[in-house]
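**Student:** Protein sequences appear in the order of chains A and B.
Counting from 1, one number per residue, gives the positions in the first sequence under the numbering used here.
Counting from 1, one number per residue, gives the positions in the second sequence under the numbering used here.
Be careful, since some hints might not be right.
Stated by the list, open to error - Okay, the calculated beta carbon distance ranges per label pair:
no. : chain 1 : residue 1 : chain 2 : residue 2 : range
1   : A       : Gly-56    : B       : Gly-313   : 21 to 27 Å
2   : B       : Thr-207   : A       : Lys-459   : 36 to 42 Å
3   : A       : Pro-388   : B       : Asp-97    : 37 to 43 Å
4   : A       : Pro-388   : B       : Glu-458   : 32 to 38 Å
5   : A       : Pro-388   : B       : Glu-69    : 49 to 55 Å
6   : A       : Asn-325   : B       : Ala-460   : 35 to 41 Å
7   : A       : Asn-325   : B       : Ala-449   : 53 to 59 Å
8   : A       : Pro-446   : B       : Thr-207   : 41 to 47 Å
I should point out that these hints are in silico values taken from the structure, not numbers from a laboratory.
Note that the structure is predicted; figures quoted are calculated from it, not measured.
Just so you know, even glycine gets a beta-carbon here, dropped at the ideal spot from N, CA and C.
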Amino acid sequence: MTTTHAPRLLRRTRAGRLALIALSAALVVVVLPTLARDARAQDTVGPAPSEMAPPGAFVIRGARIVTVSGPDIENGTLVLRNGRIEAVGTNVNVPAGATEIDARGLLVYPGLIDAETNLGLGEISSGAPGTLDTTELGDMNPNAQAWVAVNPHTSHLEVTRVAGVTSVVSMPQGGVVSGQAAFLNLAGTTQRELAIVPTVALVIDYPRVGGGFGFGGGAAVTPEALTARDRRVDELRRMLRDAEAYGRAADAYRRDPKAVPRPDTDLVLAALVPYVRGERPVMFRADRERDIRAAVGFAEEMKLRPVVVGGSEAWKVATFLKEKNVPVIFDAMWGLPLREDDPYDTLYESPAKLQQAGVRFAISTGDGGAHVRDLPFQAGMAVAFGLPKDEALKSITLYPAQMMGVADRVGSIEAGKLANIVVTDGDILDARTNVRHLFIGGRQIPLVSRHTVLYEQSKDRP
Amino acid sequence: MRRLTALAICLALTLSWWGASGARAQQTQRSGGAQRSGGAATTTTAAAQGGETLIKGATVLTVTKGRLENTDVLIRNGKIAGVGPGLRAGASARVIDAAGKFVMPGIIDAHSHAMIDGSVNECTLSVTSMTRVQDVLNPTDVNLYRHLAGGVTSLLLLHGSCNAIGGQSATVKIKYGRPLAEFPFPGAPPGIKFALGENPKRTNQPTAPGQQRRYPATRMGVEEVIRQAFTRARDYRAAWDEYRAASRTNKSLFPPRRDLQLEPLVEILEGKRYVHAHSYRADEILMLIGIADEFGFKIRTFQHVLEGYKVAGEIARHGAGASSFADFWSYKMEAYDAIPYNAAIMTRHGVNVSINSDSSERARRLNVDAAKMMKYGGLTEEEALKLITWNPAWQLGIQERVGSIEVGKDADLAIWTGHPLSTMSRVETTFVDGDIFFDRNLDFARRNALEGERKALEGAEPNRAPTQGGTPPTAPRGRPSRASDAHDDDQIIDGGDDQ
């Protein structure tokens, strides 16, 4: 981590050296960026050998299966085996010895996905700083990796999954480059088991003028503040260009170690290489209209794959976002309108407006961990304000999976995907609905949590 | 002598807080006409409308008398005049076709800091019972309009939680757009905020260098502060009793010196002022019940009461209500054992339980919070609805007027697009005393005009942005609203109000 706080002079020197290496690399014919590909493979290798019991075989019968990716299947049968969805339909082969689950009258959903949380990185948000690992020091921390510090035994994990949210993106925050987010499947006893994609996205808190919204945030627009913002953006640009050069240099050396000088290993820049090559998404925190435009413009200039996170005013730039094909993780369903004279339902209506404009979007709680379980209810409220119900469900399942590049594994009920399955007794977007069965990665998960344990301890005390 | 008369009245009568301070209220009253245009100001809707309204063909959730299908509700002169099928109204009545829609009583939020202008906390002393929320109310807080849009019609406005004994509370109807004088809930009993645990001991409040910490710093000290205060109040009352008795025969006696800090505590001892006690851990809940029993008064509500489920029997036997979050937890140490089954366990033990917001953001979706309580612990639909209607009405002592849909009660109610316990329903129209204070169609109709006004203001020279691009900044006009999604009691890191 110390390298990120290196004095500016040193970085300049390093940048200069890298430029030279890149130049010499350009003389060599460039075809295969093999080194970077190896790094990527290592980062997305998936869970380490599990310490948990192997997943069994299950057949869930008689339910209405809400596949999300296709039409609902009435009175369907769902087969889970070896951690995956093996078959889904009305007439499917069932393996011998599978555990039968009678789900007549119930509904089956894919596990819900919250694409923006800090789950596992902080237990108690105030008064217990020892439990917080969300925010590293300094502005540039691309090699701060959330998955390393996720506490697999946080009480938030069980509380979240028994409500039907089976996967989350857990991300670092703060600074300019906050670090790298992890895609977690919420079943496992180590962070390696949880993090099915350890480094799924880079998180950039895009430099902005003023700290926040409304009057305070708006009032801070001064020429000095704009200059300061631009300076931070310049630093970010320089770092990303360094990473590009570093990647080229490393590739060149790998191809021809005899002719090309060996670049010193730089973990910070190495962390950025897959992102500057557009191989993985970059999550840009931006809420105000001007910040969203600026972040998307910057991403375009740097050829990144941006995902806007926050997006309170995304509806105002919906046409722009559609045109640029930039998705939004909207986390402000339960925020107050930014301005005193905004319509009362500005934020409630935002998902519907994004959907109508054809913008790719996900709904997220943006929560630290304890209240991620509210995810389906936030999506439900978007329905109250105009979002079609099937779109609301997609916005907390398939859409976030697509944005994070994991739709081949999660987000819908399709054969071959991970068996993240929630069986309910009602509409999953309704707060009155109960989860009746839960599977994550094909394992049946007991519906217990810190909360059910405390409930059982106290409910009968006179 | 005049002062003495006034004091005697104060001590002898249970006055509504507004009545007790009419003169001061008149002075601080803000004109409704001065409101800003923000948030679709309700100039047209909020004017007294009077007359009759007939809501036809709705599903009516009465809360106390069950669920009535295809039922009419007749409103006359601000009261519910009829509930039943095929009701008739006069020719001039406003008729609302509510077929397929739901009507429920206005939601009552038993823990709010909306419209409290500036700091919610007077933190310099550990006992600030002389301070009054009623003195700092802003009827133009746009959050009030947002509350109405969530079906909320009455609020208990509480002082913050930074002292063991905090300031006096205010109970209001949300008459957004009207002068402040119309907000106080008529006849609502006066109340006061107490607080236990981390906030009064200032656990999470950084102390500036050189600044001395305020006593108390432990839960021992919190108990001691409350005990000392009531001991003094008891002596104070005795001094007045002795004086009154003696002055019947001896007219030349001087009265005891009046003490504005102790007077509200005397009212508590005499059962005339409700105690609303912010609390988290089970031990501190039992501690306060112990003090109340010892000094002979009742706690009206434990607020937050996140570990109430551990001592639900004791709370029920004391006769206190409990006003809690639905499922807010893990935001500080004393909230780590909070469970969403709290409301259900306390309800099953016979406690009157309400679900509150403590946040202008959360207040807008208390229906969803109530709905969760069916999932967590299996409350019935009617029990869940009571958590945000009849039960908080009882906790505020206004259950004769509001909290259910019954003939003769105030016409404080809302029309919803679907069942209000569904996340997928929203409010169409909200009535307070029979007048419309929120209506979605009226709101839409007003948006264009507001947008035009906004554009004009932004285009005005003083408001232009210094550089190109993006939205020009909006300069603050008047007081910034307390817009925050934080929970006021517990917004610690950002220096929340209810500290």
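**Student:** Now tell me if each hint is right for this structure.
**Tutor:** Hint by hint, here is what the structure shows:
As the Cβ distance of Gly-56 of chain A to Gly-313 of chain B is approximately 43 Å, the hint placing it in 21 to 27 Å is violated. For Thr-207 of chain B paired with Lys-459 of chain A, a C-beta distance near 41 Å keeps the hint of 36 to 42 Å intact. Range check, Pro-388 of chain A to Asp-97 of chain B: about 25 Å between beta-carbon atoms, so the 37 to 43 Å window is missed. Between Pro-388 of chain A and Glu-458 of chain B, the C-beta spacing of about 34 Å keeps the proposed range 32 to 38 Å intact.
Pro-388 of chain A and Glu-69 of chain B have their C-beta atoms about 28 Å apart, which leaves the hinted 49 to 55 Å range violated. At roughly 37 Å, the beta-carbon separation of Asn-325 of chain A and Ala-460 of chain B lies within the given 35 to 41 Å, and the hint holds. Against the hinted window of 53 to 59 Å, the Cβ-Cβ separation of Asn-325 of chain A and Ala-449 of chain B comes to about 36 Å, which falls outside the hint. For the pair Pro-446 of chain A and Thr-207 of chain B, the supplied restraint of 41 to 47 Å holds, since their beta-carbon distance comes to about 45 Å.
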